[in-house]
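**Q** Hey, can you work out the whole structure from these sequences and the hints?
Chains A and B are the protein sequences, given in the same order.
Reading the first sequence from the start, the letters are residues 859 to 1097 in this note's numbering.
Reading the second sequence from the start, the letters are residues 859 to 1097 in this note's numbering.
To be clear, the hints were calculated from the coordinates, so they are not data collected in a lab.
There's no promise every hint is true.
Pairs count within a copy or across copies, as identical chains cannot be separated in the list.
Only pairs whose alpha carbons sit at most 30 Å apart, straight line, appear in this in silico BS3-like list of lysine-lysine [said to hold, decoys possible]:
hint	residue 1	residue 2
1	LYS1062	LYS1044
2	LYS1067	LYS889
3	LYS927	LYS996
4	LYS981	LYS1067
5	LYS872	LYS1044
6	LYS862	LYS996
7	LYS996	LYS872
There are 2 protein chains.
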Amino acid sequence: MVTKNQIKLVVSLKQKKYRSQHGLFVVEGEKLVNELLDAGLKSYRIFVDDVGLAQKFERSELVSGKTLKQMSSLTRPSGVLGVFHMMGSEALGSNDWVVVLDAVRDPGNLGTIIRLCDWFGIKRLVCSIDTVDCYNPKVLQATMGSIARVNIQYTDLKGFLDKTDMPIYGAYMDGEPVYGSNMAEKGVLVMGNEANGVSDEVGKFITQKISIPQFGGTTTESLNVATATAILLNEIRRG
Amino acid sequence: MVTKNQIKLVVSLKQKKYRSQHGLFVVEGEKLVNELLDAGLKSYRIFVDDVGLAQKFERSELVSGKTLKQMSSLTRPSGVLGVFHMMGSEALGSNDWVVVLDAVRDPGNLGTIIRLCDWFGIKRLVCSIDTVDCYNPKVLQATMGSIARVNIQYTDLKGFLDKTDMPIYGAYMDGEPVYGSNMAEKGVLVMGNEANGVSDEVGKFITQKISIPQFGGTTTESLNVATATAILLNEIRRG
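**A** This is the structure:
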């Protein structure tokens, strides 16, 4: 039997404050819960509202549809809600490229960027404190299982950038075209905020400004930060 | 004074059926309305709920906040609602790359792809009949002004692909790595549905299957169709 206190705990995890406090986060949907389990993440509890689903998840707890709806962030709960332990963020050494995000605010963008890091084998993602929380449900929905394979750290970027001895590339509208820019073997790629790009504060640490050439001629808008990251990571890896 | 019938007309444009019937569509927000006007699109009516905004838009009509809310698709209407005439879709010749979408269903993905076509100077986008409508409000929110600079056509893909004499590239998980694949000067790039990729029916016309190499090693998920399009258009243009 699920207790009122347990329900209250799960509901509280909708807020970042309580996620950090308890070291727990919620994902919903059979597929996503399975992906995190496959990736080796430790589940705290798995709730299902159907006997068929209960058989699919070892040690899951059967609750009523009403209770699941109470715990869920979705308008139409999917029948499976997993509560997972957060991964520790190890201080990895930097033997490869590191992606740095400076105040990326949109959960869909962060989710897509995590998935891209996974695809391109980037193991380390460093986010400014004001970047959207990677355990936000909308981020998790967009990352799929990738969240388990990329080491994500929230920190003061100035401190981090000051210490690295790798070249620091920043994505700018008026940077040097990336095609000719002879990227290093390893380095740091800084992507900026959706509306304002890389902040001046972080900009001081950039050793090379790069850009994605535009072919249309008339666009005033920049590329979305997630699509720009896709193109730049591809440029880094294609060599 | 806005009449009841005009309000009814604007509300009806939330549905694709009525958009097609009237040849009209709605965009909301000062920035987006301005972008479409700057891009030369013909407005049918512009409604604002504030005198200050009325002065910014020539021939705009002042309505109450309540009326604007009635016409709006947004939970928090932005104060400016423009009704625009659809662009004609000219049968352009094919002097350059054409992007073809096979049943792309997510409005955000289509919006991002239109913006990418604009960025990379792709003038022509051909969509299967079951691709999401490009005048869907969520698509428009993601395209920004790009919708005015890319010629978008909805048609039976088999008929279109059968007639082209350009090479037809299709994005597949198991295609040839795009880095080595010596792309033609001009051609057709086919991107498939979010869940199922390129359909078998359309697949028959593909002359070369291409893929984006994966570096992570363990990912089971494919890249999102919009980020994959970003990388492939960059590959095409970078030469």
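**Q** Determine for every hint whether it applies to the structure shown.
**A** Results for each hint:
1. LYS1062 - LYS1044: Classified as within: same-chain Cα gap 20 Å, cross-chain 41 Å, threshold 30 Å.
2. LYS1067 - LYS889: between (40 Å within a copy, 28 Å between copies)
3. LYS927 - LYS996: The answer is both: 17 Å in one copy and 27 Å across copies each meet 30 Å.
4. LYS981 - LYS1067: both (23 Å within a copy, 29 Å between copies)
5. LYS872 - LYS1044: neither (37 Å within a copy, 49 Å between copies)
6. LYS862 - LYS996: within (26 Å within a copy, 39 Å between copies)
7. LYS996 - LYS872: both (11 Å within a copy, 25 Å between copies)
When the structure is compared with the earlier hints, a violation turns up for hint 5 alone.
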